[in-house]
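> Work out the full structure, taking the sequences as your base and the hints as a guide.
There are 2 protein chains.
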Amino acid sequence: MSTTIIVPESRNIVKGKTVVLGNPRAGGMKKGIAIMDFILRLGAIAASLGAAASMGTSDQTLPFFTQFFQFEASYDSFSAFQFFVITMALVAGYLVLSLPFSIVSIIRPHATGPRLFLIILDTVFLTLATASAASAAAIVYLAHNGNQDSNWLAICNQFGDFCAQTSGAVVSSLVAVVIFVLLIVMSALALKKT
Amino acid sequence: MSTTIIVPESRNIVKGKTVVLGNPRAGGMKKGIAIMDFILRLGAIAASLGAAASMGTSDQTLPFFTQFFQFEASYDSFSAFQFFVITMALVAGYLVLSLPFSIVSIIRPHATGPRLFLIILDTVFLTLATASAASAAAIVYLAHNGNQDSNWLAICNQFGDFCAQTSGAVVSSLVAVVIFVLLIVMSALALKKT
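Residue numbers (the UniProt record's numbering), protein chains in the order written: chain A, 1 to 194; chain B, 1 to 194.
Bear in mind the hints are in silico, worked out from the structure with no lab data behind them. One or more of the hints may lead you astray.
To be verified - No farther apart than 27 Å at their CA atoms in a straight line, the calculated lysine-lysine pairs in the BS3-like style are these: (1) Lys31(A) - Lys31(B); (2) Lys192(A) - Lys31(A); (3) Lys192(B) - Lys192(A).
So, in structure tokens, the structure goes:
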């Protein structure tokens, strides 16, 4: 009878149907990770939606104009900013759709399927969010500082509000990126102890 | 005695020391993943080193000059490109240092420690590599196309070689990013089946 005592986890598979019981302590840690995962996802939704909205509404028209030309800057002007708006909207949409899987992880802390699904898609959308945040940051930096060697002048002197709004959007997207990294690390930790 | 038969995996824990046996099929799959992991890491080292070297040697001086000014473009001119060189060198260095852990995963396919360590650091360096690749891509795009609204002119007409070299570096870094995503997905799959 001693063999039944040294079996570490009481996982019973009956004809392909997995009945997961687990020991209470590991289950509690997994449940805690799953709840944290859900809360962080809500935060990431707010950050990415805020970034998309802030960038999407950035539009400034200068109060002076010449006969042929009116000075206007909006996110449409820069392809990196267009990419940013589209990507952040996609990321927010993915995060909303991922909430049910996060809830499944809370209800069944030992199920590896939803976690694996989430970690793979999180990695893909982390890449997407990081790429859009970094390319927008590069343009925002140029708009603030300009570049001497290529004769690109800083435009933030004229388009101050536009610059402030796009900078805010970039910061918000970086928050989303940090949350994504945390989500992946937490999912990996939860997967390991199964 | 029927309880010992329905235990799914033959994992025996004797006083805290884990003796992992595993079934041979899953071990073979894990070993395959670990070998693939090692090969992909070699590819990523080549891609990131190539990107850093290509960007770091990009330097073009135009054959004409005025009395006060000589036209020169190098990666030093753009802070995004400087960031790119530093980050790609860091990523290549990390990948070289991660090779021993990958080898440990090949020798001991069931050990979760090295895999967990690699998946967490891979995520961090994926973010770093993606950020540098995307910001450099945004600048390369601007150099090729310019921007009408902010009056930034395309410089690739003058600095053709410089543009070609930096574009090549960006493409090489994107290869490294794709390999990183594959590495993380493979590590997650290998962690799951433990």
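> All hints are to be evaluated individually against the structure, with a verdict given for each.
We went through each hint and held it up to the structure:
no.	hint	result
1	Lys31(A) - Lys31(B)	30 Å, violated
2	Lys192(A) - Lys31(A)	14 Å, holds
3	Lys192(B) - Lys192(A)	7 Å, holds
Hint violations for this structure: number 1 only, all remaining hints satisfied.
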